[in-house]
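Could you put together the complete structure from these sequences and hints?
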Amino acid sequence: MTDQEASVLEANYEKQPKLKFYSLDNAGVLYTAIASSRMSTVYRMTVGLCEAVDPVILQKALEQIIHRFPYFQVTLKRGVFWYYYEHTEAIPEVEEETFYPCKTMRQRQRKTFPFRVLYYRSYIHIEFNHSICDGSGGLKFLQTLLIEYFKEKKGIIPENLGKSMDILSDVDPREYEDSFKVYYKEGVPPPPESKKVFHFPFKLLDKGEYLLLTGIVPVDPLLALARKYGCTLTQFMLALYFESIQEYIQNSEMSEKKKHRQKIAINVPVDLRRMFPSITLRNFFISLNPEIDLALGFYTREEIIEQIKGYMGLYMNEKNINRYISRNVRNEQFIILRIIPLWVKKLIMPVIYKRYGERGYTSGLSNLGNVTFPDEITPYIKSLEVFPPPSVESRLKLVMVSYNKNLSLSFGKTTGETVIEKIFFRKIRQLGIHVKIETNKR
Amino acid sequence: MAYCPKCGVEVERDTKNCPLCDCPLPDVDEIQDPQGHKYPQAINTYHEDHLGKKNKAIFSIGIIVLSLLVILGVVYLVYPWNHALIKYIAVADLTVFAVVFFSLGYLKPRYNFLGAYLTALVATLCIYLISGSQNSWYFNYAVPIATLIYFDISIFMFVFKHTRHRSQLIYIPTNLILFAIVFAIGLDSIISLNFWGILHLTWSLIVAVSGICIIALLQGIYHRIPEKTRIMLKKKMHV
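Protein chains in written order, with the working numbering: chain E, 1 to 442; chain X, 1001 to 1239.
No wet-lab data here; the hints were simulated from the structure.
We put the CB at the ideal spot given by N, CA and C, even for glycine.
Honestly, I wouldn't trust all of these hints.
Here's a subset of chain E near chain X, in silico, CB distances under 10 Å, partners left out [as the list claims (entries may be wrong)]: (1) Leu213; (2) Phe276; (3) Thr418; (4) Phe425.
Negatives, chain X to chain E, calculated, CB over 10 Å [to be verified]: (5) Ala1146; (6) Ile1170; (7) Thr1229.
Given below as structure tokens:
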């Protein structure tokens, strides 16, 4: 960084409005209330570089960019009724990875951040607490960090910053707004309640443990197949995942009658920035739950795809999404819930979440789409993966993200069983597509 | 490059078993991967993180217990007050500390439970000795009832551990009823042995029979009645 740039950065930092206090956004309120030793609500993004990571330069890059993200330079504090984030002057530090992924973030401690930057050999991991931002905001931070890292290491200054943040620009207050409240419409009726669906009966791992399993597949043949079936890539992968869970139920030891009593639903988060003109880096998504009911019989792949396409066509539109937003905001603004002290909320929220939230879906599949880095640094970045936060009720969750013609299908698991992944990846192999598996299980 | 012959997927170089199907992989690649494993051998810090909190709790309670003991000691020595009462308070004080220690789970669950049982026995023995009672209620009632509860809860935990992933609507009531039946029979036996000197079960049999009927009904609903019996019932009971 030149002296001129450094002085601009410093001047910008001085004139930035310094908020001391950030209230949590609508999803953040829920995530902090349900966090426990098993549900850390921390998700991970992993970047594989072509050479070993230099921790000194990574630290320097982090220090350069953190001032551009004042809403992430915060520490979680307890209020009487809600948690809140408070600005801290401390600087986050990069650490070498030694613990299990997505480890619980100790709250109520000064100088702890809602994210951590880790490195191990040629991999950089960023773990974000879901209460501060969703995958889209996290990716923006990651892209900015990588650009700064290569600027420091190799002197590369990309011409086109793409979706990353320009660290010399001013902070826009819309970057940390709670978009749920901005786009909330009064008087919209809530969506129908979810019903209980099939949950994996697998044995849980010990508390604190979390397993990751990634399958790396080339994206082009999958896209071609999706086109052949007349659907999008997300819908095609969703169909394969539905099919795998259905096959698991078909082969399980349940009685035939019980098999036909099961419903499979998969939670699919939708990034609302595509529908609303929001530029927030905080949470801004809602989840849809496409489902298949085995009481109607077992489904073929074509039938599942038709079912998903129909569901998405019916529900993925602004009018219907408004119902979810207004339900979420109304729940948060419900006066009786607001005046309950925080420690009581911490006791009852996990139960409510289990009853009304996780009960309604078997697993989750989140697609972060195709991620690109500026052309100048792409040759140095080998892979990108994103892992979901650990969850008890849905012991297996899937996140897909594509980068550089490869699709990473990353499972995060609170169980040691691999039967679903086995069926799922064997299905992809049967389609004639190459799969490479990587895991942290030893 | 290593491949799993069953799944057909490529795996990392130094992998011994397929991460999907656990099938052992032939060691074809002698050369170690220069980049090494992608993840380090992870450390689980859950117990360490929680040990700090537990230590804080036990330390604060320990200080309170200790100060109370000192105060009681001083009162006992210098102030002519009700000595028996002071002893009772001291026993209660130590018992609370022991119970908190065992409930914080420093030891393995079964040792914690055993510790709690022994604490109950020792505490009642102390009360028995301090009161200088003429009848032997400690040996006749306190020890058998404590032992009965200890074994009853052990059985309950064992059954619960093996059925917890089945339908909770069926198995939790079943286990609770089983617990109540064992407890009722045990208590009735203890009372009758002490009262009449012989084993003479009365009210506990009613509890047992009705309890078993409810269990049979619940399990019948869950596992379904055997095919033969169902056909027989259908023939006999048709309307």
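Each hint, compared with the structure:
Annotation: interface hint on Leu213 (chain E) holds; nearest CB of chain X at approximately 6 Å, less than 10 Å. Interface hint at Phe276 (chain E): violated, since its Cβ lies 38 Å from the closest Cβ of chain X, which is beyond the 10 Å cut-off. Taken as an interface hint, Thr418 (chain E) checks out: its beta carbon lies about 5 Å from the nearest beta carbon of chain X, inside 10 Å. The beta carbon of Phe425 (chain E) is positioned within 10 Å of a beta carbon in chain X (closest approach about 6 Å), and the interface hint is therefore held.
Annotated as non-interface, Ala1146 (chain X) keeps its C-beta farther than 10 Å from every C-beta of chain E; the closest such distance is 32 Å. The non-interface label for Ile1170 (chain X) is consistent with chain E: the shortest C-beta to C-beta separation is roughly 13 Å, beyond 10 Å. For Thr1229 (chain X), the shortest C-beta to C-beta distance to chain E comes to about 17 Å, beyond the 10 Å cut-off, and the non-interface label holds.
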